[in-house]
Amino acid sequence: MMDVGRHPRIELMAYSEVEGVGGYVGNFKVKVRKKARYVREEDCNSCAECAEVCPVVVPDEFQMGLSSRKAIYLPFPQAVPASYIIDMDACLGTNPIACGKCEEVCEKVCIDYDMKDEVVELDVGVIVVATGMDVYDPTELDEYCYTRYDNVVTSMEFERLICASGATEGHFVRPSDHEVPRRIAFIQCVGSRNNAGDKGNRYCSNICCMNTVKDTLLLRDHYPDCECTVFYMDIRAFGKGFEDLYMRSREEGVKYIRGLPGEIRQDAETKNLFLTAENTLTGEVVEREFDMVILSVGVIPRQDNPLIKKLLSLSTTADGFYMEAHPKLKPVDTPTRGVYICGCAESPKDVKDSVTQASAAVARAMTLLNAGEVTAEAITASIDAAFCTGCGLCAKVCPFNAIVVDKDRKTASVVSAMCMGCGNCGATCNQGAVTMGHFTDEQYYAQMDALLEENPENKIFTFACNWCSYAGADNAGVSRLQYPATPRLVRTMCSARVTEDFVLYAFMKGAPVVLVSGCHFADCHYIDANRQTVKRVYRLWDKLEKLSIRPERLQLEWISAAEGQKFARVMREVEEMRKQVTAAEIEHTRKAVAEEWEKKLAREAKRKKKAEADESRDEVQVS
Amino acid sequence: MPNEEKQTAAGDGLRVGVFICDCGLNIAGSVDTQAVTDYAATLPRVVCAVRNRYTCADPGQNEIKAAIREHNLNRVVVASCSPLMHEPTFRACIASEGLNPYLLEMANLREHCSWVHGGDKDGATAKAKDLVKSAAARAARLQAREETSMPVTQAALVVGGGVAGIQASLDLAGAGYQVYLVDKEPSIGGIMARLDKTFPTMDCAI
Amino acid sequence: MSQETKFKCLRCGYEYVEKYAPDDDVERACPKCHSNSVRPEKAKKADAAKEE
Chain A
319 MMDVGRHPRI ELMAYSEVEG VGGYVGNFKV KVRKKARYVR EEDCNSCAEC AEVCPVVVPD
379 EFQMGLSSRK AIYLPFPQAV PASYIIDMDA CLGTNPIACG KCEEVCEKVC IDYDMKDEVV
439 ELDVGVIVVA TGMDVYDPTE LDEYCYTRYD NVVTSMEFER LICASGATEG HFVRPSDHEV
499 PRRIAFIQCV GSRNNAGDKG NRYCSNICCM NTVKDTLLLR DHYPDCECTV FYMDIRAFGK
559 GFEDLYMRSR EEGVKYIRGL PGEIRQDAET KNLFLTAENT LTGEVVEREF DMVILSVGVI
619 PRQDNPLIKK LLSLSTTADG FYMEAHPKLK PVDTPTRGVY ICGCAESPKD VKDSVTQASA
679 AVARAMTLLN AGEVTAEAIT ASIDAAFCTG CGLCAKVCPF NAIVVDKDRK TASVVSAMCM
739 GCGNCGATCN QGAVTMGHFT DEQYYAQMDA LLEENPENKI FTFACNWCSY AGADNAGVSR
799 LQYPATPRLV RTMCSARVTE DFVLYAFMKG APVVLVSGCH FADCHYIDAN RQTVKRVYRL
859 WDKLEKLSIR PERLQLEWIS AAEGQKFARV MREVEEMRKQ VTAAEIEHTR KAVAEEWEKK
919 LAREAKRKKK AEADESRDEV QVS
Chain B
631 MPNEEKQTAA GDGLRVGVFI CDCGLNIAGS VDTQAVTDYA ATLPRVVCAV RNRYTCADPG
691 QNEIKAAIRE HNLNRVVVAS CSPLMHEPTF RACIASEGLN PYLLEMANLR EHCSWVHGGD
751 KDGATAKAKD LVKSAAARAA RLQAREETSM PVTQAALVVG GGVAGIQASL DLAGAGYQVY
811 LVDKEPSIGG IMARLDKTFP TMDCAI
Chain C
35 MSQETKFKCL RCGYEYVEKY APDDDVERAC PKCHSNSVRP EKAKKADAAK EE
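Protein chains in written order, with our numbering: chain A, 319 to 941; chain B, 631 to 836; chain C, 35 to 86.
Heads up, some of the hints might be wrong.
Okay, derived cross-link-like pairs now, EDC-like style, lysine to aspartate or glutamate, Cα gap no bigger than 20 Å in a straight line [as the list claims (entries may be wrong)]:
{"hint": "1", "chain 1": "C", "residue 1": "K42", "chain 2": "A", "residue 2": "E863"}
{"hint": "2", "chain 1": "A", "residue 1": "K853", "chain 2": "C", "residue 2": "D58"}
{"hint": "3", "chain 1": "C", "residue 1": "K66", "chain 2": "C", "residue 2": "E38"}
{"hint": "4", "chain 1": "A", "residue 1": "K352", "chain 2": "B", "residue 2": "E815"}
{"hint": "5", "chain 1": "C", "residue 1": "K42", "chain 2": "A", "residue 2": "E894"}
{"hint": "6", "chain 1": "B", "residue 1": "K814", "chain 2": "A", "residue 2": "E359"}
{"hint": "7", "chain 1": "A", "residue 1": "K853", "chain 2": "C", "residue 2": "E38"}
{"hint": "8", "chain 1": "A", "residue 1": "K353", "chain 2": "B", "residue 2": "E815"}
{"hint": "9", "chain 1": "A", "residue 1": "K349", "chain 2": "B", "residue 2": "E815"}
{"hint": "10", "chain 1": "A", "residue 1": "K628", "chain 2": "C", "residue 2": "D57"}
{"hint": "11", "chain 1": "A", "residue 1": "K434", "chain 2": "B", "residue 2": "E815"}
{"hint": "12", "chain 1": "B", "residue 1": "K827", "chain 2": "A", "residue 2": "D668"}
{"hint": "13", "chain 1": "C", "residue 1": "K53", "chain 2": "A", "residue 2": "D516"}
{"hint": "14", "chain 1": "A", "residue 1": "K353", "chain 2": "A", "residue 2": "D432"}
{"hint": "15", "chain 1": "A", "residue 1": "K627", "chain 2": "C", "residue 2": "D59"}
{"hint": "16", "chain 1": "C", "residue 1": "K40", "chain 2": "A", "residue 2": "D860"}
{"hint": "17", "chain 1": "C", "residue 1": "K66", "chain 2": "A", "residue 2": "E891"}
{"hint": "18", "chain 1": "A", "residue 1": "K864", "chain 2": "C", "residue 2": "E75"}
{"hint": "19", "chain 1": "A", "residue 1": "K628", "chain 2": "C", "residue 2": "D58"}
{"hint": "20", "chain 1": "C", "residue 1": "K42", "chain 2": "A", "residue 2": "E870"}
{"hint": "21", "chain 1": "A", "residue 1": "K909", "chain 2": "A", "residue 2": "E771"}
{"hint": "22", "chain 1": "B", "residue 1": "K814", "chain 2": "A", "residue 2": "D407"}
{"hint": "23", "chain 1": "C", "residue 1": "K66", "chain 2": "A", "residue 2": "E870"}
{"hint": "24", "chain 1": "B", "residue 1": "K751", "chain 2": "A", "residue 2": "E772"}
{"hint": "25", "chain 1": "A", "residue 1": "K827", "chain 2": "A", "residue 2": "E760"}
{"hint": "26", "chain 1": "A", "residue 1": "K670", "chain 2": "B", "residue 2": "D833"}
{"hint": "27", "chain 1": "B", "residue 1": "K827", "chain 2": "A", "residue 2": "D539"}
{"hint": "28", "chain 1": "A", "residue 1": "K627", "chain 2": "C", "residue 2": "D58"}
{"hint": "29", "chain 1": "A", "residue 1": "K714", "chain 2": "A", "residue 2": "D846"}
{"hint": "30", "chain 1": "B", "residue 1": "K827", "chain 2": "A", "residue 2": "D562"}
{"hint": "31", "chain 1": "B", "residue 1": "K814", "chain 2": "A", "residue 2": "D405"}
{"hint": "32", "chain 1": "B", "residue 1": "K814", "chain 2": "A", "residue 2": "D435"}
{"hint": "33", "chain 1": "C", "residue 1": "K76", "chain 2": "A", "residue 2": "E863"}
{"hint": "34", "chain 1": "B", "residue 1": "K827", "chain 2": "A", "residue 2": "D671"}
{"hint": "35", "chain 1": "A", "residue 1": "K714", "chain 2": "C", "residue 2": "D59"}
{"hint": "36", "chain 1": "A", "residue 1": "K627", "chain 2": "C", "residue 2": "D57"}
{"hint": "37", "chain 1": "B", "residue 1": "K814", "chain 2": "A", "residue 2": "E439"}
Every beta carbon over 12 Å from chain A, so not counted as near; a handful from chain C, in silico [said to hold, decoys possible]:
{"hint": "38", "residue": "M35"}
{"hint": "39", "residue": "S36"}
{"hint": "40", "residue": "Q37"}
Worth flagging that the hints you see were computed from the coordinates, not collected in a lab.
Glycine included, every Cβ here is placed at the ideal spot set by N, Cα and C.
Please model the entire structure based on the sequences and the hints provided.
What follows is the structure, given as structure tokens:
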């Protein structure tokens, strides 16, 4: 921590928040709000005289509220930057009549009541997100009575009770009577691995088992006659040196009981606590009395994750932690190029893993920094200003915020370096203004013409996204999973590239069944572009119904790169559906869609004429 | 034909070459590759159709290179395996003959056809023909694409000053880059600063 | 606002009711055949009813 404060190339901006992120990989522009501390950081020498005279006493959040601090305070003794700060919510007032005591005693004159927030803009090439975690609050678990019983504390509070610089200066005492507890129980998996109810989380928080093992050893070390009992589901001691530590704890006499207590009861007089649990190894029901109970609470995603997620176009897992670009091959990259994740922001992990992952993220960031230049995907969209009306629909669906709309000139344009080439904009634009490089409309129509020219009634026309469904079909091949030879696949980068017109065109060309397939929601390589696929398919189903075409003939399926089995099964199922489609139906469809298509062509011709007229008018004006 | 014209050729100037891979018996075992090759030769704008034993191997790639020179090809279709497997190989191959790598199209005759329709040689061959036809139609409409590059600002932003953010900042700064470390709290340290000791070595957190 | 909405599976024909909102971020599949081709009953009807 000290090294960070001292390093000449690190500009530390504590008590600051990222407010805006613009630009793109290699060239981000970041807005950071430096909140007012009311104490000039560079001048404060943390002499503490201000705090001594400050009359306001509030709970100290660093000590988990177990002790108190003043309104002007140093967050903790080793804080970096080593500067005091005024908590303006608690401060009596800047008016000398109200208080102003701290300013009077400050010899270095570094207190400034009029300090204002400052917004600075930074130019950076890469961004490392290490926003960390929050700790689970067990208040909602009625059975553990965390807020009702004084002597039930969390593992986080335990840290501040046992720490030499903690709330009790290292004297481990229980809150109710400040006596040293002799019989201590730990309850594991509090807020974690809960598959049943709606409280807590389903995932394993990773660190709590070893944290408890560590706590028991600390207790046995400080108070050799204390008795520790751990109630657990499983002890997960999988890391290097973990099993040794666990065994040491057992050898020290710590009791491990496999089974979680159903509830905690309190003796109103002694404030002692009673736990009842079934030891699932022996089948016995254990009832014990304890002086203190420690809830081994889990790790949760930071509550401000959604904010950073939006600013940086990241995605999160169902649990709320940031998602990596690929679970195995790109574990510290994010879907946004030039942004990397590490530490508990990515998933719950211990100090060693956080440090390891931070170095990994930096190595990835440095491959970009060190290269000195970044090449943009050649598969990018472009917008023809002549056709663009500046409606902004494309910008709305762009998962990478790569489209800038100029409201005055009523045009949109693509920032190529930010465009990842999903094609969602192309499928959304209803003016025909977007050209998707390397995957143009013209190319798709040519492919459809080619594939449906002969005997279309025998073919399942399939759109498959590059990353998942196409790869899923590859997987079926590699696994030699057999299915009928009727499907005809065309590749799209994302299923969101598939326009409604593409599907209608395939039907007009006589396709009996059309299948649109893409990545599962969690796997979408363009953050959430495939949500638009769903919306388009819903609209198409409505449209088909309106044209008296069975909506069933348009199928939708999410198939991952590993789901060769699913791909083959879907193809077999859809083949059965194809056989049900009659020649008369296909004929009706051709006619019904062709009529719609005529109208569409007429609209387009009109637009083209208008665009040309506008252009020639512009030219006249210029000349 | 000068290189520039090759990249921008359109309409009647288009000269598509199709290379059909046997992949030993992987494709040829259940697809009549000769029939597909003969069919490919009849497609519009296709000026040469060649059957290879293994298109990805050096002799196969050399056949592509020779045909680009001999037939003045400006679009290339390789009908072999999945593009997820060998697209980079064949892009590099045509680039070495001066063609823009984006002027390549692949038809997936192995993973999407021969391997999954083993018992249906007629069906598989018909499908293979369709896939080649579709690829040739797309190839005729491909355009050269240029990958543009931009400079990278030699500075990094680290959001969050817990143990991960601190390590990341020190590593980046140690490597010589300017680092901005932003933390919401008045001090860095994060959760780690609140811990007394850490496992498995029982050492101090701060 | 998510509402109880009738869904029909366009693969196997199974009909079921599930909470649905146009902007919810839920990957849907038929509880019976697991197909993703599940269609929500047109929201229009509900809107039309409201307007009346």
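ask   = When the hints from earlier in the document are held up against this structure, which numbers fail?
value = Violated: none.
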